[in-house]
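Use these hints to put chain B onto chain A, whose structure you have.
Chains as they are written, first to last, in full-length UniProt numbering: chain A, 1 to 468; chain B, 1 to 84.
None of these hints come from the bench; they were simulated from the model.
Check the hints yourself; a few may be wrong.
[As the list claims (entries may be wrong)] Simulated crosslink set (DSSO-like; lysine-lysine; CA at most 30 angstroms straight-line):
(1) K52(B) to K467(A)
(2) K231(A) to K29(A)
(3) K129(A) to K27(B)
(4) K467(A) to K27(B)
(5) K79(B) to K27(B)
(6) K225(A) to K27(B)
(7) K155(A) to K79(B)
(8) K29(A) to K52(B)
(9) K79(B) to K67(A)
(10) K75(A) to K52(B)
(11) K29(A) to K79(B)
(12) K426(A) to K227(A)
(13) K7(B) to K67(A)
(14) K75(A) to K27(B)
All values derive from a computational prediction rather than experimental measurement.
One letter stands for each residue in the lines below.
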Amino acid sequence: MSEHYDVAIIGAGMSGLTAGIRAAHFGKKTIILEQHNAPGGLNSFYAKDGRKYDVGLHAMTNFVSPKERRAVFNKILRQLRINRADLDLIEQKSSRIAFPGTNLRFSNDEALLESEVEAAFPGQIDGFKRLSETIRDYPDSDLELPYRSTREWIKQFISDPFLEEMIFCPLMYYGSAVEDDMDVGQFVIMFRSIFHEGFSRPVEGIRLLIRVVLQRYRELGGIRKMKTGVKRLVAEGGRISRIILENGDEITADSVLSCAGYPETYGLVGDGVAPDESEFAGQLAFSETIAVYEDLPETWGWGDDTIVFFNNADRFEYRNPSDPVDLRSGVICLPSNFEFGDRPLKEGLVRVTCLANHDTWCGYSEEDYRAAKDEWFDRIQKSILPMMPEVTRDYSGGLVATDMFTPRTVKKFTRRARGAIYGSPKKIKDGRTEWDNLFLCGTDQGYLGIVGSMLSGVVVANQYVLKG
Amino acid sequence: MTKDECKQVVLDIIAEIAPDEDLSDVKGDVALREQLDLDSMDFLDIVMELRKQHSIEVPEADYVQLASLDSCAEYLTPKFNALV
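This is chain B alone, in the form it adopts within the complex:
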């Protein structure tokens, strides 16, 4: 999986959690919280959906790694690639 594919996985999950959010112009290097109305409940859901849909585990101490799309890609891509 490439980093761009990984970002798309995260965006797909956000689209599911927050269907009325406009995701057409999310910047990779800006915190998701600053661009979208996401709170801690939503972040928990991103983590839970990663586990449910992709068997990716994100321990609570690593939640900060999911702050922006870029940091998500950095952190999650190796995890996705380790699955295969």
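Bound-form chain A, shown alone:
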């Protein structure tokens, strides 16, 4: 006899956990099924040689003062009944978009970016201000519209292609599943999240956020099964009638929320298409290097950069690269450069994220894979030297530990098709599938990033579990 639940959620990432909290809070018998042994999904953590590392989290977007009650982040916490103080958030110092010959700094005070644009692109400032105000007033209902190209839309505000690329760079890196373009709705959300609101992190990193969310789910009586992958969703009569687990067990549920992704979920129902081969599989995969230094980067003179979005190419390209790693652009994160105050990190970390080619990294033999990681780790470290302040450029001593993840790592731990962390370029904004009780939640429902995933879980649970 298989156990029956009101709600079964596939994946213990941020969206699955928040959907689970909403369902469990209102008395639904809820189970979360996670194939991995750690929660968090695309935002997780691990320890290696006694050091703790974060995966995914550079920064949380959408930072606002607790007083701004209408702001997305505060709304989500209210919906989850989570006390914001428990997250122990600290703000970024400042971040930078670094292109050849031009830097634009921005911080959690949106006036900084505006003054930087005015100084570097005086002819564009009026258009930039109009863009910013249009985005502020953008109607929520229009966010749900079908895909529209931002490349076309933005021309009514910004006529200098160089500035256009600089604006796109951080917004694409932090939330576009589409090559070289973005959906207007997604662009609006990312612009608000990053430029109007801003960056923060829990002092302790992603662990703390996951711990708080998980604790909340547990105290509400939610059930969670780790190392319990879903093998197949059985569809009968237009519904998912049974969930067959990889361990051979079976469960049933009134509603199934899948955070596995769009092609991945359809793959579980068994449409005969391998998710990696699906026309809806994401094309954008990334590598990340993590270098741990004895001292904090500020002591080598790096300054206040928290995140640096860089591009060295004549034209910024955000697409699947032909090389294993595209060294021409990327994101540098200095986790120690948040406002830690009197609680500084003990060691300096430099994380560098670049676009990487999934097929190449997944095609290597074990031996070649290790060699390629070593080679590209070094090349990536060298590639960021021009982005560092002059005084730090010959810095190389004090390296105490390194690690690197590639699309192969992402694929292994998240099962995301083609290791694409932002999922499919096709977002299913209403979360519906062709099966009446199966809904998509998380990255492929359309909201990206940590805060976006949390919102997705809340919205999908409200719509299809609580109202339904």
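Frame of chain A; chain B shown alone:
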């Protein structure tokens, strides 16, 4: 249950949903949305908490009845009294 008791039940729920909201001076005849930062997500929560805590069902078509404290009392008090 009296209408005043009913209003207090609603205020208690709002205090739970929005702990940082000042509820000391909420006017009965003015829409809650105009006095407090409540959006449709919060209203859904009021409905859900009524069901969870008090077994009161509010169908979606009746959500408008929850616009102000007075209209909440008008609409919900008979429902509370029908429970006993």
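Quiz item: Okay, which hints does this one fail, numbers in order?
Solution: Hints 3, 6, 7, 9 contradicted; others consistent.
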